[in-house]
Amino acid sequence: MSLNTPDTQVCLWTLQHSESASLATYTANGGYEALKKILAEKTPAEAIIAEVKTSALRGRGGAGFPTGLKWSFMPRNFPGDKYVVCNTDEGEPGTFKDRDIIRFNPHQLIEGMIIAGYTLGAKAGYNYIHGEIFEEYQSWERALEEARAAGLLGRDILGSGWDFDLHAHQGYGAYICGEETALLESIEGKKGQPRFKPPFPASYGLYGKPTTINNTETLASIPWIMRHGGQAFLELGKPNNGGSKIFSISGHVNKPGNYEIPLGTPFADLLEMAGGVRTGHTLKAVIPGGSSAPVLTAEAMMACTMDFDSVARAGSMLGSGAVIVMDDSVCMVKALERLSYFYFEESCGQCTPCREGTGWLYRIVHRIEHGQGRPEDLDELLRIGKNIGGNTICALGEAAVGPVASFVKHFRKEFEYHIENKRCMVGS
Amino acid sequence: MLSAESLAQIDRELTKYPPEQKQSAVMAALRIAQTELGWLSRDTIEFVAHYLGMPAIAAYEVATFYNMYELAPVGRNKVTLCTNLPCQLQGADKIAEHMQGKLGIGFGETTADGRYTLKEGECMGACGHGPLCLHNNHKMHDHLTPDSVDKLLDDMK
Amino acid sequence: MPLIEIDGKEIEIAAGSTVMDAAHQAGITIPHFCYHKKLSIAASCRMCLVEVEKSPKPLPACATPVTEGMKVMTRSPKAIAAQQGVMEFLLINHPLDCPICDQGGECQLQDIAVGYGGSASRYSEPKRVVKEKDLGPLIATDMTRCIHCSRCVRFGQEIAGLMELGMPGRGEHMEVMPYLETQVSHELSGNVIELCPVGALTSKPFRYSARSWELSRRKSVSPHDGLGANIQVHVKNNRVMRVVPLENEAINECWIADRDRYSYEALNSDARLTSPLLKENGHWREAGWQEALEHVATRLAQIRESKGAAAIGALASPHQTVEELYLFTKLMRGLGTENIDHRLARADATVGAGARWLGMAIADLNRLDRVLLVGATIRKEQPLIAQRLRQAVKRGAQLNVLHAAGDDLLCKVNARLIGKPSAWLNGLGQIARAMQEAGADLGTDVGAALAAISGVSDHARAIAASLMSGEQKAVLLGELAQNHPAATQLHTLAQAIAVASGATLGFLAPAANSVGAQLVGVLPGPEGLGTHAMLAEPRSAYVLLGAEPELDAYDAAAANAALRGAEFVVALTAFKTDAQDYADVLLPISPFTETAGSFVNLEGRAQSFHGVVKPLGEARPAWKVLRVLGNLLSLGGFDYDNAEAVRGDALAADFAAGLNNTPVAAALEGLMPGDGLERVAETPPYQLDPVVRRSHALQATVDAGVPVVWIGSELLTGLGIAEGGMVRVRQGGGEAILPARRDDRLAIDTVRVAAAHPLTATLGARLGPVSVEKV
Ligand SMILES: Cc1cc2nc3c(=O)[nH]c(=O)nc-3n(C[C@H](O)[C@H](O)[C@H](O)COP(=O)(O)O)c2cc1C
Ligand code: SF4
Ligand code: FES
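Protein chains in written order, with our numbering: chain A, 1 to 428; chain B, 1001 to 1157; chain C, 2001 to 2775.
Pulled out of the complex, with its shape left as it was, chain A reads as follows:
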């Protein structure tokens, strides 16, 4: 089986076609078949959830939570409205896969959301789209119109007597809205501040109603699973890590881009697909799962396969599958300074450790980068990190600490050199 080809592609296969985003291309290649079958046969929700469980599909948004299990949390006999929400707020530095799904295969996401809506008994769905990709917001709205015109959305879908509608909600520049409850607050027209859980969205979600939130890639995988069966999806990847997954590779590689490959593929293969590290340079470090994931050294990374479990064993996380590659030209202090600034700027500000702690972390790293570091700073960074991690409302706190702790841990010498010599040992 060759990699990143229609054989292994669950979401980005339409790229092989000229009009990849059109309804015609999608339907000509089996699109909406799964939905039609479900509606015609009135497939029970339990059966769909069982299939998703079999597939071992794990959430593609970052946490890798089993999707079938998440769906089973939705209350069955709730009397009022329920919602399904898609998280296309990808703002995690390094991640750019969901944008391509919307650009090149919007209908598979629509079909996935409709099937989710049907399974979860939702009356409507919202897709929350990252503020900075406005053109994709517009093109997805056009795809919705196409689907609506084809009777796939709205009243009495495909004559089934079932009503369901989908809408796009455009973000406008706040990373935190990728956090699922901040996202719900944002749809409600408020500041995107995460909610304390419990209650979880499955019992108190959008407008206080039961809500299921999944990542774009997660939902776009559903039609494939329903068409080919959960077992086929599982077999694409490896046990407990079903399916293929899109890896977004950025940084110091010759061919940055999205590669949709089976989970469990060795990192070395992925790196090769991306054209390898820039000529004349050697691999120094990799952040394997978006900027929040702890950085790994070249050696550690080269020993990994690309799946949730392997990367976790190496001390990081697969996260959203965003692989940031850094070669030997990179100053780790400068790199960390930029990431720390990001978390400081993007903290929503409601909870104390994150609001106060992210600024503190950034200011220390900034000082070190600008030649004003003190010997005690590195331990101080780790100490402050410990006081943030685990003590916040949402995982942004941990996300801010992850890079700091891992950069200092794996590249401590570089930081010490900076502090002592007031300049960088890399000399870039």
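Worth flagging that the hints you see were computed from the coordinates, not collected in a lab.
Warning: the hint list may mix true and false statements.
[Unchecked claim] Pulled from the structure, derived: some chain A residues nowhere near chain C, Cβ distances all over 12 Å:
id, residue
1, Gln-16
2, Lys-36
3, Asp-328
4, Gly-371
5, Arg-374
6, Asp-377
[Unchecked claim] Some chain C residues near chain B, calculated using beta-carbon distances under 10 Å:
id, residue
7, Met-2167
8, Glu-2172
9, Arg-2285
10, Ala-2309
11, Val-2664
Just so you know, even glycine gets a beta-carbon here, dropped at the ideal spot from N, CA and C.
Fit chains B and C with the ligands to the known structure of chain A by using the hints.
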């Protein structure tokens, strides 16, 4: 305050949400208002809040929480360059220098003729295509090189 | 009931409770800032982190639900590490200005920092500085001290019902502020001062005037609206420095209205009368008490002699204590007059079968399912009752309104019947009629009278339907309904509606002691005149106890004429009131802080209090003044040693038996509205009584602004007046020139011009015909 066209767009946004949840449309309404007027004055925010039946302070909270709203006038062309790590690794620093040098302004500043405003942005979710920038929030330009930046900026009226 | 263990103590606690509740029940204190029992849970400060067995992370006690068998450690090393970590974060950007901070000594941050903070800060980066915000005359800000607990914002959204403060910005840049440079104007705004756990929001009038540990704290009762909010009066050097709420869940919970909080400013002001004054040849001169009282006794005796006792009118403010009011009536009845009243703003002098009251406990308001408010300007009239009704509505109660204006009540209103005052009887009739048509029994007399009602509006039907569903219901009569010329008929109809729908009928007593005044009989006797008649048919002499009829009367113009024309007027007053213009003797009496006394609040609860400071200057408690007068007039029965003894005579042990809302039989005439333009006039919140009137801080608020003439668009255009333009309002012979403002929520043919204000005291009937013209 807003053109009929903008109001119609806001009304369309309102159809997305349950009738008792008009506040859900505030982000879109502020975006539409800003697209028409260039930035969000306090009057505009108040107008939007009133239109949606929500407290002005709540609309102001939204306008100040999300980065892409402008609370002070900006140039006709706002160029927001992503400088986050992946873009930085792919050369965003050099593009930043180039842009600043060419326009003679730093980030957060507007040229004297009101033609350009430069801003530093956070991750735009297209890292593989960096360096990249947004033009007036809604149009992305990627794979920037000093040459493509020159052309891009020159083409902006 | 889950059984849980907290710090080794096993406790059973109701399902659905949080760990914070459990700790409270077990008598364990968990440090916290954002948590407040009356507000929604934010779980954002993270100060309350505790260790929970089996949880890898510390959990916030305020937001973590208890589960069966849960083991909580609030002081384990893990919990303490988390708490200290949070404390360190809170302090890094907090200024070290405790020595000049008004919150010093009563600061939660300071207190908790002592227990949980480290000794020296390791933070060596620059500290954040936040620009001050102007919140108006009542609340001072030091925003750099804010710890972002969001209590003040949640208070606005959840308790006040109006989001005046928000937290714009993100992350570190987030700041508490109002929109634009608007000031906060809500009638409960001052409560954010106690809610703020640090010194970011403090009292502006109190600013820098005392350190909290220098203050003695004395319990008292607010003398303003009918609620009887419990307060704590803070005193230094025999001077009232500030007033804060005293928690009483059954009455004011932990809140007080702004007027309860800031009225104290009047107590030390220049407006206080500090010595008896006698008028001689048109000029005032100070006099000794003995001389002044003898003069009063002599003059009153003379007038009784020459004109008969009925020539004397006696008016007392319902903000005076039970003891004072009791001796006042005893004195006046002893003199032989029955022209006695405390209902200064009433048009209808009918005396009921008993004291009119709420008909239920205050706390029961929260549990109502259906409410009909008749003629109640509830937010301004009874700010904390409005708050309770808002909580009821949040629970699902339906609030219905009959009024002349569709004011924003800051909560959902089910249905409104908006009409000019003379249409209200008809409005209630429509509701009753709709109920009748739906099968309800309105009683024989009312039922028959309803035949006169022809059309029933949809609004009336909606209100009827609302009242005929639900379990706990009330029909509440507000200030305007009580002052209405047809008050007795409105009462009769409201009662019929209440009975037919199974609702409780209640009166929203306007003043702190309205119920007490009725109980001790400050009411006209069988042959006596009520306030309105006493002033419309002028008397030769008036005795005023705390009353300012020239402002407060139903017909202020008539009151002014009567008082100025009287042969002899004596005013017992704490302030230099307008009585200086028309009285012959002014006797300085103590306000509530300088005397012992009691108030009976609107739910019929008697609350006694002590004086908290010594009387100012020569002022004396009114009960003592009345005691001497009684003795000077040889009336007998005035030999009381103390206020308690007076109270014993004034209020029988079973005084509650005197609470009775049964209407006085009245023929239901006037079911048809009158013709022409009508005035609707309420008492503005900061003109409620002599004390609030003289508080500088309150008088600087938006609610205390110059009265305006509210007019609907149509009328405004018809008169050719622009908004803000001046208009002449005429009533009878009186007129006032005031700015016009637009209000399209007003009933047709209605203009709203506040009463009880110096600038409108030239006008006549509060709910009478009026004309308006362009100046
Ligand atoms: C700070 C933060 C940012 C996040 N950003 C995203 C995001 O951009 N896209 C996304 O799908 N999930 C994001 N997540 C994860 C979501 O909260 C959520 O777990 C996810 O959308 C669930 O979908 P899944 O189960 O399909 O992965 C973020 C979480 C945190 C804490
Ligand atoms: S961790 Fe940060 S982003 Fe998350 S809720 Fe707390 S302040 Fe907001
Ligand atoms: S009191 Fe629990 S988080 Fe603030």
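Hints, one by one, checked against the model:
1. A cut-off of 12 Å between C-beta atoms confirms that Gln-16 of chain A is not in contact with chain C; the least separation is 42 Å.
2. The claim that Lys-36 of chain A is not at the interface with chain C holds, since no C-beta of that chain comes within 12 Å of its own (minimum 43 Å).
3. No beta-carbon of chain C is positioned within 12 Å of the beta-carbon of Asp-328 of chain A; the least distance is around 32 Å.
4. The claim that Gly-371 of chain A is not at the interface with chain C holds, since no C-beta of that chain comes within 12 Å of its own (minimum 16 Å).
5. Listed as a non-interface residue, Arg-374 of chain A fails to keep its Cβ farther than 12 Å from every Cβ of chain C; the least gap is roughly 9 Å.
6. For Asp-377 of chain A, the non-interface assignment is contradicted: its Cβ lies about 10 Å from the closest Cβ of chain C, within the 12 Å cut-off.
7. A distance limit of 10 Å between C-beta atoms decides the matter here; for Met-2167 of chain C the minimum to chain B is near 6 Å, and the interface restraint holds.
8. Hint status for Glu-2172 of chain C relative to chain B: violated, with the closest Cβ pair at about 13 Å, above 10 Å.
9. Hint status for Arg-2285 of chain C relative to chain B: violated, with the closest Cβ pair at about 55 Å, above 10 Å.
10. Hint status for Ala-2309 of chain C: violated, given a least beta-carbon distance of 59 Å to chain B, over 10 Å.
11. Because the beta carbon of Val-2664 of chain C sits about 45 Å from the nearest beta carbon in chain B, more than 10 Å, this interface hint is broken.
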